[in-house]
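Use the sequences and the hints to build the structure in full.
Just so you know, the protein sequences line up as chains A and B, in that order.
Heads up: the first sequence begins at 1 in my numbering, then just goes up one per residue.
Heads up: the second sequence begins at 438 in my numbering, then just goes up one per residue.
None of these hints come from the bench; they were simulated from the model.
Here the structure is a predicted model, which means the values were calculated and not measured.
Where is the CB? At the ideal position from N, CA and C, for every residue including glycine.
Among the hints, erroneous ones may be present.
Unchecked claim - Distance windows between CB atoms, simulated: (1) B:Glu612 x A:Gly284: 46 to 52 Å; (2) A:Gly96 x B:Ser620: 45 to 51 Å; (3) B:Gly544 x A:Thr238: 16 to 22 Å; (4) B:Ser443 x A:Asp166: 55 to 61 Å; (5) B:Phe645 x A:Ala239: 57 to 63 Å; (6) B:Glu741 x A:Pro92: 40 to 46 Å; (7) A:Glu291 x B:Ala607: 40 to 46 Å.
Number of protein chains: 2
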Amino acid sequence: MSGNSSVRTAAEKAKRAALIMQGLDSRTKDRALEAIREALEKNKTQIFAANQADLERAQKENLALPLAKRLVFNEAKLAETTEGLRSLTSLPDPVGRTLSAVELDSGLELYKVACPIGVLGIIFESRPDALIQIGSLALKSGNAVLLKGGREAKETNEILARLIYDTSLASGFPEGWLQLLESREDVAAMLELDGLVDLIIPRGSNEFVRYIMDHTSIPVLGHAEGVCHLYAAGDADTAMAVRLAVDSKCQYVAVCNAMETLLVHSAAAQAFLPELKKAMNEKGVELRGCEKTGQIIDCARAAEADWRAEYLDLILAVKVVESDEEAVSHINAYGSHHTDAIVTADRKRAEYFLTYVDSADVFWNTSTRFSDGFVFGLGAEVGISTNKIHARGPVGMEGLLIYKWKLLGSGQAIADYKGAGARKFTHKKLDKPYPAQ
Amino acid sequence: MSGNSSVRTAAEKAKRAALIMQGLDSRTKDRALEAIREALEKNKTQIFAANQADLERAQKENLALPLAKRLVFNEAKLAETTEGLRSLTSLPDPVGRTLSAVELDSGLELYKVACPIGVLGIIFESRPDALIQIGSLALKSGNAVLLKGGREAKETNEILARLIYDTSLASGFPEGWLQLLESREDVAAMLELDGLVDLIIPRGSNEFVRYIMDHTSIPVLGHAEGVCHLYAAGDADTAMAVRLAVDSKCQYVAVCNAMETLLVHSAAAQAFLPELKKAMNEKGVELRGCEKTGQIIDCARAAEADWRAEYLDLILAVKVVESDEEAVSHINAYGSHHTDAIVTADRKRAEYFLTYVDSADVFWNTSTRFSDGFVFGLGAEVGISTNKIHARGPVGMEGLLIYKWKLLGSGQAIADYKGAGARKFTHKKLDKPYPAQ
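This is how it looks when you write it as structure tokens:
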């Protein structure tokens, strides 16, 4: 869609669209979502044909099988996608929500009201259904968006973006609100456009996310790595700990919320480690243990680099610790502040872990694999953030919003509240939403 | 306090302190605030003496009078400060607040809980009372802080920081939680420490804030400029518009929320501009008008640069517009997204302005001077942000917090929720706070 025009021109257009989108009402947005769902279903033959072209090119170019698999957009994916659109349509509009209301004085009311951020720059991996998910989240949250999808999905992305864009324009959306960037050079150009682009959300390989973070002064929401831990405390039930370890490591090895390092308290290690080894052997997982681990089970020795490794593979680093404090310190020092879990029957011990582990998601007696926007009930997810500001952990629509302060007065000057005989602020909490016109 | 140790060492110490502070309970924090208030009162003679030394040096160095005035820390300032501490102590602890709670499944509960950000780097102007305000906000919000105050207030800042630090340590705060940086070189070094410092909050001159924003990849909360507007719509009551214009421009000219450009609809201009001129003349304000303004009143002609100028002085740019749309477009193009106000009797017209002006604070029938953390009832203010993420407008304690997701389970694996016979997530909203241990 950016066509021959430069990325700056595209961003300027998106900025103008974003200003108009601040005022889009919920009905217009939901009608557009409905129309998009219908357009996808009506045009599915063309979509599948475009996807077939991508798949054939992928085969010719010998694309790795996992990547090629993610590229597929078929009846099943379409059904999932339209189901997602339906559920997004039914969610309440987050824009315009009153976050706080206070009377400053009689006839002087202050409201903190949720509003869209503005222009988002979103870079995503090869799954074409991600385009629909991200585009529809941007639409419902009232943000303009510059999208860059995986090169492998080019044909599919183009037809999907065109359908979403054309349909939303017919439903009243402003020109330029959604545009597709075409190359990595376009992305590099976008990273320079602070003042036009308000937030960058990169998804995809760690190296790419790291590159983005290092090459822009625009705020970036995301995470470069998922070095997640499961900690079996001294009192951990062996069966539960082994079961959660297997789930955290093996249920899907290539994802950011899979466990990469297992910690076990020395008081539990003798009983636990042989069972862990048995279970992991069955799954084909290679164990790399610390010295103490090696004294209990036979396994490769972990090097310093293993404690920071995001394997995304059937490899697991294992370390014996002498205390909960040591477990927490290890996680805070070597982890990526993404997702970490403890297995213990002791609520107090769990709370120590949940309080002092400095990560977005901290879990008690569950698998690390639960950190996900759909699982959390956010409707959909634009990504998982390890930021310490704005949004942390799985990011849904709320992460695409900010607020503005609306003050409704009746002629008050600040001078009225200064000096002798000054009026006083009442600061009375109001239990009402921002008044409709 | 950083003494001879490097800024990196100081930040590492602050980081360790921040991890410990995640678990500080409300009573410890409030007791520390109480003790600090008492320590300030008990040591006031020494504080005033240190301030006297700063004032004498200022005089020797011919410091500009407004700066020297802000430097004063006397009985009146102490009373204001201790009053502020008392009110902060009485506020509820924002840390640990449950922001959302949802049952994912029976025995699997997810809580979004507010927590401190970590390590803040705060650079502030010459007012020594700002140190107490910022230090106490960091304390109550559970954040470690590296502080750099104005060079002019060196002696006063040192004794204040020492009193706050020593007293809080005696109340149970960890070593290194509050440290004073000593030079601009220290600040430059701090800007490099992403991974250790989580958020930079610069206050002070525009040039300095701009420098900070351009020289760090750490998130920055703040604003470089306050180019604020008051717009008198076509139906604006002349008396109210003039009164609010005078207040917005003149009540305190040197502040970021003072008006710099006045816009007036052509339908109101004939009646309004002569009255404005009369009132502004009385206050000694120089008017710089557009061509149409010049056809109605006698005044200097505004150049293009005037529309972007933050005068912080008795100068006002004046422009006649032909529509509300033109007013909004002008503000979005030339303003700094800080604070903008409209004067109109028409609620619908007001709402158009409040919706489409893309600024942190948008006001109807009040002076721009109301954008302030104390006025807004936030208790205290660390600054005003024109960011589009995290916090916008006046920033109080809430802006110093983020959240983490705590998931309390009973052995659930994600595999239980996949494939044939999978368990389903219930996603039932819970109306209860995060359970105490």
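Hints, verified against the model:
As the Cβ distance of glutamate 612 of chain B to glycine 284 of chain A is approximately 47 Å, the hint placing it in 46 to 52 Å holds. Roughly 47 Å separates the CB atoms of glycine 96 of chain A and serine 620 of chain B, a value that falls within the hinted 45 to 51 Å. In this structure, glycine 544 of chain B and threonine 238 of chain A meet the distance hint of 16 to 22 Å, their C-beta atoms being roughly 20 Å apart. For serine 443 of chain B paired with aspartate 166 of chain A, a C-beta distance near 58 Å keeps the hint of 55 to 61 Å intact.
At about 60 Å, the beta-carbon gap between phenylalanine 645 of chain B and alanine 239 of chain A stays in the expected band of 57 to 63 Å. About 44 Å separates the C-beta atoms of glutamate 741 of chain B and proline 92 of chain A, a value consistent with the hinted range of 40 to 46 Å. Range check, glutamate 291 of chain A to alanine 607 of chain B: about 41 Å between beta-carbon atoms, so the 40 to 46 Å window is met.
In summary, the structure agrees with every hint in the numbered list given earlier.
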